[in-house]
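There are 2 protein chains.
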Amino acid sequence: MGEFDLIARYFTRPVRPGGGVALGVGDDCALLAPAPGMQLAVSCDMLVEGRHFFADVDPAHLGHKALAVNLSDLAACGARPLAFTLALALPRVDELWLQAFAGGLLRLADEHGCALVGGDTTAGPLNICITVFGEVPAGQALLRSGARAGDDIWVSGTLGDARLALEALQGRVQVPAGMLAAARARLETPTPRVALGLQLRGIATSALDVSDGLLGDLGHILRASGVGAEIDVDEVSKLIAASALSTGDRGHFDTELLRQCTLAGGDDYELAFTAPPARREAVARAAAAAATPVARIGRIRAEPGLRLVDAQGRALAGRYASFDHFAG
Amino acid sequence: MGEFDLIARYFTRPVRPGGGVALGVGDDCALLAPAPGMQLAVSCDMLVEGRHFFADVDPAHLGHKALAVNLSDLAACGARPLAFTLALALPRVDELWLQAFAGGLLRLADEHGCALVGGDTTAGPLNICITVFGEVPAGQALLRSGARAGDDIWVSGTLGDARLALEALQGRVQVPAGMLAAARARLETPTPRVALGLQLRGIATSALDVSDGLLGDLGHILRASGVGAEIDVDEVSKLIAASALSTGDRGHFDTELLRQCTLAGGDDYELAFTAPPARREAVARAAAAAATPVARIGRIRAEPGLRLVDAQGRALAGRYASFDHFAG
Chain A
1 MGEFDLIARY FTRPVRPGGG VALGVGDDCA LLAPAPGMQL AVSCDMLVEG
51 RHFFADVDPA HLGHKALAVN LSDLAACGAR PLAFTLALAL PRVDELWLQA
101 FAGGLLRLAD EHGCALVGGD TTAGPLNICI TVFGEVPAGQ ALLRSGARAG
151 DDIWVSGTLG DARLALEALQ GRVQVPAGML AAARARLETP TPRVALGLQL
201 RGIATSALDV SDGLLGDLGH ILRASGVGAE IDVDEVSKLI AASALSTGDR
251 GHFDTELLRQ CTLAGGDDYE LAFTAPPARR EAVARAAAAA ATPVARIGRI
301 RAEPGLRLVD AQGRALAGRY ASFDHFAG
Chain B
1 MGEFDLIARY FTRPVRPGGG VALGVGDDCA LLAPAPGMQL AVSCDMLVEG
51 RHFFADVDPA HLGHKALAVN LSDLAACGAR PLAFTLALAL PRVDELWLQA
101 FAGGLLRLAD EHGCALVGGD TTAGPLNICI TVFGEVPAGQ ALLRSGARAG
151 DDIWVSGTLG DARLALEALQ GRVQVPAGML AAARARLETP TPRVALGLQL
201 RGIATSALDV SDGLLGDLGH ILRASGVGAE IDVDEVSKLI AASALSTGDR
251 GHFDTELLRQ CTLAGGDDYE LAFTAPPARR EAVARAAAAA ATPVARIGRI
301 RAEPGLRLVD AQGRALAGRY ASFDHFAG
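Heads up: the sequence lines are chains A and B, in that order. Its first residue numbered 1, the first sequence is counted upward by one per residue in UniProt numbering. Its first residue numbered 1, the second sequence is counted upward by one per residue in UniProt numbering.
Take the hints with a grain of salt, since some may be wrong.
As the list claims (entries may be wrong) - With the Cβ distance kept under 7 Å, some of the chain A side facing chain B (calculated, not the full set):
id, residue
1, S43
2, V48
3, D120
4, P125
5, D209
Claimed, not checked - Heads up, incomplete: computed chain A residues facing chain B, CB under 7 Å, no partners named:
id, residue
6, A22
7, D27
8, D28
9, L31
10, A33
11, Q39
12, V42
13, C44
14, T85
15, A87
16, A89
17, T122
18, T131
19, A141
Think of the hints as simulated: they come from the structure by calculation, not from any bench. Idealized CB from N, CA, C, for every residue including glycine.
Please work from the sequences and hints to get the whole structure.
Structure representation (structure tokens):
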């Protein structure tokens, strides 16, 4: 089976007219036609076996995740998904694998009206590279650079479950089976917070998606905005979903593990964002409209640096290093 | 050295204001702002070691080629390069390698005013995935579907040298050192025909870039346009540059090797295009304005199929399979 047949069979679908896509798969280029006044938000992520996923991962989950991590970047900018390209290196042509992978990928794409408009397929060690395109009105994109002293710091959804699943799957932590299944779903099929990102336009002063661990990613906002922050570590620890499934006293998870997973776990694909305290009701309305829970976990300070405090306001000294694809 | 430092050191450069790029590297997304009335042409290519390049290739050449093959797709659509994203999986952080790779890549990017606006870096088997963006006035993109019976078939530059170099480097053909150097330059540092693609807007009825071999790629035009073609194989054989460096009688290259390389060699990154015979002078002016030679190699026919003839008009039976990244 040749390269072109392979692409055609699993990944070519008719592009609906309109919707910002003038020409889809099948020519040298796809043609995007953003609406007047719109800018095109572009992001790109590459997933490698053994680094971003296990060799035995369900290919449908992998297809979902490969697109989800890219949609998460659009969400962080407040952009509406439009289209994506897929480049795929495969060690062999395995039709069952491809069918499942394409199924997981295209199901999520359909949920977000995001058309597959082009790409490339080659033989090689398994590698998935997606570039995603979204529309955002000129000047309205959420950036990392807008946080101001006094702003609240918010985070969506849950934190740390993906890392807990990773720790358990690699045998470093014991987790009950039901809890592991739920945590593993967060690791393998994260939910990009696209609806929340769209609702936060005009409300959030800065935003990014939490992919490498909360503290490390927050650091990008602090550097880009020239500010510091204080984070309530106990508030953040509550955001792990797995603890709610535990025995009420958080079972056998110690405080340190919870902090490590929620503060620096990685693979969360939640939005962290800032907004002035005067906009708390607006944030709550945005979260409700997006059907996405949000929690307030700290505030931006004029003094540089990241200060970690517990519920009693006591400073913590612990270091919570973020996941780094070369250091990790 | 962490992932972010690595990206920052070699690939982050200030984006000049205007030029269609509103925000470059450093946020969750880049922001492109195509001029009013413009569509955005998008293409994506993935290069894998051992499949698209040798492990010992000069990294500066590799950087050049990784972008060149993408710019070639923009050229085929008549789009002006605007920006690109780079995703890179590296087995290790080798600063000398990165410096050379970035040098070759960014030099070509600068020649075409094409800004690096984002990307991803990860550990993994060497893999280079570039997605490129260009601007083209709405409705003016050169497509594969516009060829009409009676149109001339043209091709730019030279054909077959890259394949000749590949055959020689893999020990299947003996080639004099000087000739190999020239042919290898075509393999490793192809010239994307961007200027020609821009000049051919409004003249060519169809176009594509020759990346997998002339005949196989022409097949895409024929299928997309619902037509057939007759190709003068002897005209095509003349387009190999290496033969001109030979001894006049084409040295030791036999006719079959020349045909194989020029008709089905792959890695040429020339433009194949069609235009009505009435536009021959316009094509010549476009080629002169782009300082790119073009040659007329056949014509489009209403009857389906690809008919190969020699200089005397005799039909040839030989099959010239194109390079396929799974069959090859």
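How the hints compare with the structure:
1. Interface hint status for S43 of chain A: upheld, as the beta-carbon distance to the closest one in chain B is roughly 5 Å, under 7 Å.
2. Residue-level restraint check for V48 of chain A holds (minimum Cβ-Cβ distance to chain B is 3 Å; threshold 7 Å).
3. Restraint check, D120 of chain A versus chain B: the minimum CB separation of about 5 Å is within 7 Å; hint holds.
4. With a least beta-carbon distance of about 4 Å to chain B, the hint placing P125 of chain A at the interface is held under the 7 Å criterion.
5. Residue-level restraint check for D209 of chain A holds (minimum Cβ-Cβ distance to chain B is 6 Å; threshold 7 Å).
6. Hint status for A22 of chain A: holds, given a least beta-carbon distance of 6 Å to chain B, under 7 Å.
7. For D27 of chain A, the shortest C-beta to C-beta distance to chain B is roughly 5 Å, which falls under 7 Å, so the interface hint holds.
8. A least Cβ separation of about 4 Å between D28 of chain A and chain B falls short of the 7 Å threshold, and the interface hint therefore holds.
9. Interface restraint check: L31 of chain A against chain B, minimum CB-CB distance 5 Å, threshold 7 Å, status holds.
10. Below 7 Å, beta-carbon pairs count as interface contacts, and A33 of chain A has one with chain B at about 5 Å; its hint therefore holds.
11. With its C-beta approaching chain B no nearer than about 5 Å, Q39 of chain A sits inside the 7 Å limit, and its interface hint holds.
12. Hint status for V42 of chain A: holds, given a least beta-carbon distance of 5 Å to chain B, under 7 Å.
13. Interface hint at C44 of chain A: satisfied, since its Cβ lies 4 Å from the closest Cβ of chain B, which is below the 7 Å cut-off.
14. The interface hint given for T85 of chain A holds, since its Cβ lies 4 Å from the closest Cβ of chain B, which is under the 7 Å cut-off.
15. Evaluation of the A87 of chain A hint against chain B yields a held restraint, the C-beta minimum of about 4 Å falling below 7 Å.
16. Given the 7 Å rule on beta carbons, the hint for A89 of chain A holds: about 5 Å separates it from the nearest Cβ of chain B.
17. Satisfaction of the interface hint for T122 of chain A is found here, the shortest Cβ-Cβ separation to chain B being roughly 5 Å, below the 7 Å cut-off.
18. Given hint, T131 of chain A at the interface with chain B, holds; its Cβ is 4 Å from that chain's nearest Cβ, closer than 7 Å.
19. Interface hint at A141 of chain A: satisfied, since its Cβ lies 6 Å from the closest Cβ of chain B, which is below the 7 Å cut-off.
Every hint, counting from the list given before, is met by this structure.
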